[in-house]
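A.B. asks: Given next are the chains, with one letter for each unit.
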Amino acid sequence: MEAQKQTTMVVFSGDLDKAMASFIIATGAAAMGNRVTMFFTFWGLNILRKEQHVPVQKGFLEKMFERMMPRGPGKLGISKLNMGGMGRTMMKHIMKKKNVASLPELIQLAKELDVEMIACTMSMDVLGIKEEELADGLKFAGVATYLAEAEQSRVNLFI
Amino acid sequence: MEAQKQTTMVVFSGDLDKAMASFIIATGAAAMGNRVTMFFTFWGLNILRKEQHVPVQKGFLEKMFERMMPRGPGKLGISKLNMGGMGRTMMKHIMKKKNVASLPELIQLAKELDVEMIACTMSMDVLGIKEEELADGLKFAGVATYLAEAEQSRVNLFI
Amino acid sequence: MEAQKQTTMVVFSGDLDKAMASFIIATGAAAMGNRVTMFFTFWGLNILRKEQHVPVQKGFLEKMFERMMPRGPGKLGISKLNMGGMGRTMMKHIMKKKNVASLPELIQLAKELDVEMIACTMSMDVLGIKEEELADGLKFAGVATYLAEAEQSRVNLFI
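Residue numbers (UniProt numbering), protein chains in the order written: chain A, 1 to 159; chain B, 1 to 159; chain C, 1 to 159.
Simulated from the structure, these hints should not be mistaken for lab results.
Treat each hint with caution, since some may be false.
Pairs count within a copy or across copies, as identical chains cannot be separated in the list.
What the hints assert, rightly or not - No more than 35 Å apart at the CA atoms, straight line, and that leaves these computed lysine-lysine pairs for DSBU-like: (1) Lys111 / Lys130; (2) Lys50 / Lys80; (3) Lys58 / Lys139; (4) Lys75 / Lys98; (5) Lys5 / Lys63; (6) Lys58 / Lys5.
Bound conformation, chain A alone (with noise of 0.2 Å):
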């Protein structure tokens, strides 16, 4: 009996095109029958947020962050060429263009392959970034549990 295909990666980057990388491979992966396990940290983070305002209470430090990165996958910039959104625009245009998958398509597609994506709480405890600020249907976990899907996986990738 062979043990089920595991792929893991952490998503450190919050940039539109890295975000792109990672659920391409994610939903790539998961197609052809691996278990798939995307853990958000740090700048990743914002990928998840909700693209309206949440009311929650938060500290002076935590209102900054909150204002100062980028809500949900929409405004997400890229890590190139970003030209103070110019080059995001263009590049959207480009995919859609292409009929290329955009992020939140490619974000809705990992959620029907059953794509198991984790929230890291350290990251949102120092970011200032509350559970009902972020998308629907995240698991919230620390490193430790990162760390147990990654020794099972085969392909680890930090992005």
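With chain A fixed as given, assemble chains B and C onto it according to the hints.
C.D. replies: Relative to the frame of chain A, chains B and C by itself:
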């Protein structure tokens, strides 16, 4: 009978320093008897661009990307302290002085060691890069091909 | 008899946030019984620099790199929202308030947990960094040593 050892890398970054790191690891692993696959995606494709302009049919946005992205290993910047190219020049100068192989030399060595280099067709489509604009001897494939190799590999990196 | 579990990381980045992520994963894996090897290369070497100036013989370009690169964990910037060091100060402040271990504390913990830290000799040569400028207790080796560990490891990350 032991299966051959395998190493795969997703080369997402087009920075000179990260490109150097990926080829140093790739050629090292190949020299140690590994089957090595490098999957070039997004900005990583710029590492493989031919230095001369290749006349191909492109749309407006594709032409803009072509002009803004570095053409080949000689034009890449470094991820830190690039300072408009001065950091890159410093680093190249010092590497030459210390007899460290240059990026074009490492790419050549990788070819001689049968490192498999795959250009990601989806990224080529999005960035408007055509096969004839890239170095010779590449394979062209998508994420499924990468994942099939990755599942066989002990060492998997995202660079 | 089961072989001991192993984890390796290439720490390429010298950003505070990525350095924190790498040491959180490393100490977590070590606490879970893994043999852990961290291979510090390029900008990642700055994490290991001693804070005080160490008088060593250097060439002109080596001196320039020395001055431009951050000296030790206290001087690293963060990869996003650094804003000339303000983002770093905010993040350190908030981490202290939330009782998250600081980077120097994580490095100390890693040493106590016998995490093996290797400084990449080729990168040291290129950046002009001498052994006496780096923290105590390191090993000095090249990519072949890293790869030999990586081949034995289930979890391999490039950070």
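A.B. asks: For every hint, state whether the structure bears it out.
C.D. replies: Right, here's what the structure says about each hint:
{"no.": "1", "hint": "Lys111 / Lys130", "in the structure": "both (21 Å within a copy, 33 Å between copies)"}
{"no.": "2", "hint": "Lys50 / Lys80", "in the structure": "both (24 Å within a copy, 20 Å between copies)"}
{"no.": "3", "hint": "Lys58 / Lys139", "in the structure": "within (22 Å within a copy, 44 Å between copies)"}
{"no.": "4", "hint": "Lys75 / Lys98", "in the structure": "both (21 Å within a copy, 28 Å between copies)"}
{"no.": "5", "hint": "Lys5 / Lys63", "in the structure": "neither (41 Å within a copy, 41 Å between copies)"}
{"no.": "6", "hint": "Lys58 / Lys5", "in the structure": "neither (41 Å within a copy, 41 Å between copies)"}
Of the numbered hints listed earlier, those contradicted by the structure are 5, 6.
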